Amino acid sequence: MLTIYRVLVALYPSSYRLEYEEEMLGVLEQSNAESHDKEWPARLALAGRETMGLLRGAFEEHFRALAGFYPVPVFPNRRTSMRSEFRFPKTTVTLMTIILVAIIVTIEKAKAISQSIPPSSTQVGPIRPEYVGVVPAFLIVLVGACVLGVVGWAILFALQRSGMHRLSSVHPDAGQTKSTTLGLK
Amino acid sequence: MPPSLLSEPVLLILLSLADQPRHGYAILQDTRKISGGRVRLSTGTLYGALRRLLDEKWIERYEASDTSRGKQAYRLTAAGRRNLQVEVSRMRQLSRVASLRLAGTES
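Read top to bottom, the protein sequences are chains A and B.
The numbers in the numbering used here rise by one with no breaks, and the one at position 94 of the first sequence is 94.
To convert, take the position in the second sequence, counting from 1, and add 1000; that gives the numbering used here.
No wet-lab data here; the hints were simulated from the structure.
Keep in mind the model is a prediction, meaning the values are calculated, not measured.
Take the hints with a grain of salt, since some may be wrong.
Restraint-style ranges between C-beta atoms, simulated for each label pair [to be verified]:
| hint | chain 1 | residue 1 | chain 2 | residue 2 | range |
| --- | --- | --- | --- | --- | --- |
| 1 | A | 18 | B | 1079 | 21 to 31 Å |
| 2 | A | 96 | B | 1102 | 37 to 47 Å |
| 3 | A | 41 | B | 1036 | 38 to 48 Å |
| 4 | A | 145 | B | 1029 | 43 to 53 Å |
Here are the simulated lysine-lysine pairs, DSS-like style, with alpha carbons at most 30 Å apart [claimed, not checked]:
| hint | chain 1 | residue 1 | chain 2 | residue 2 |
| --- | --- | --- | --- | --- |
| 5 | A | 90 | A | 109 |
| 6 | B | 1033 | B | 1057 |
| 7 | A | 90 | B | 1057 |
| 8 | A | 38 | B | 1033 |
| 9 | B | 1071 | B | 1033 |
| 10 | B | 1057 | B | 1071 |
| 11 | A | 90 | B | 1033 |
| 12 | B | 1071 | A | 38 |
Part of the chain B face toward chain A, derived, beta carbon under 10 Å [said to hold, decoys possible]:
| hint | residue |
| --- | --- |
| 13 | 1023 |
| 14 | 1029 |
| 15 | 1041 |
| 16 | 1046 |
| 17 | 1051 |
Positions of the beta carbon are idealized from the N, C-alpha and C atoms, including for glycine.
Could you put together the complete structure from these sequences and hints?
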């Protein structure tokens, strides 16, 4: 499990890792050691909690490094205050985390491939497309359509959760009518 | 930053550091203890919150005698303690009103 935690901590921005990686790994080692004498459901819960926490933390720190602010308010209070501004639903955060991990893994893979190719001065000829049969092509299109469908559904679901679709049904004088009804003129 | 925007994990972390400086793992254990086992922070959540609290200067690093791996200690600053007191006062007032209202409903 510690190996997985190391990989997840490696997803954080380098500036963040420089400051906190050693501390975080120390705490993760202690948590992991403490969980050894527990039942497997408790160990599984701990592993799930730590994994999600690290993924979310990596996403938030990358977002901060790129945008200059955190994707969620610095100290959100979800229990005792209502905020009128837009809030990312959890599904959006999860989706963006998955996309971030996919991008980072792709970049790392590309780096590994580029390092594995020895430097050569020989000219590389024009790259010709490989022949693809009808059935594989159909399968590729089908899989692509399914992926696009899932992504589209996830975006629509996230927007629905945020309540944005209700904005179109809001009339400017709706609040006044409500106030009159309640005797709050 | 207005203190009324404290989330529960941040409030628990501040409470954990209120009586003495603690390092990361000790904060995790103490927040679980003071919440009665209800809140179990992950390491990622803890260090995200610690970084933000350091940025806001509500906490600071504390040079303890044991500074081995994973043993960096943190403590409240004067500003952090003041903001925590304001938050606790707000919660106490809210709790008092809630108790009165509920007692009025039940009677």
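Okay, the hints, checked on the actual structure:
| no. | hint | result |
| --- | --- | --- |
| 1 | A:18 with B:1079: 21 to 31 Å | holds, 26 Å |
| 2 | A:96 with B:1102: 37 to 47 Å | holds, 41 Å |
| 3 | A:41 with B:1036: 38 to 48 Å | violated, 20 Å |
| 4 | A:145 with B:1029: 43 to 53 Å | holds, 50 Å |
| 5 | A:90 with A:109 | holds, 28 Å |
| 6 | B:1033 with B:1057 | holds, 25 Å |
| 7 | A:90 with B:1057 | holds, 29 Å |
| 8 | A:38 with B:1033 | holds, 18 Å |
| 9 | B:1071 with B:1033 | holds, 20 Å |
| 10 | B:1057 with B:1071 | holds, 20 Å |
| 11 | A:90 with B:1033 | holds, 27 Å |
| 12 | B:1071 with A:38 | holds, 24 Å |
| 13 | 1023 | holds, 8 Å |
| 14 | 1029 | holds, 9 Å |
| 15 | 1041 | holds, 8 Å |
| 16 | 1046 | holds, 7 Å |
| 17 | 1051 | holds, 7 Å |
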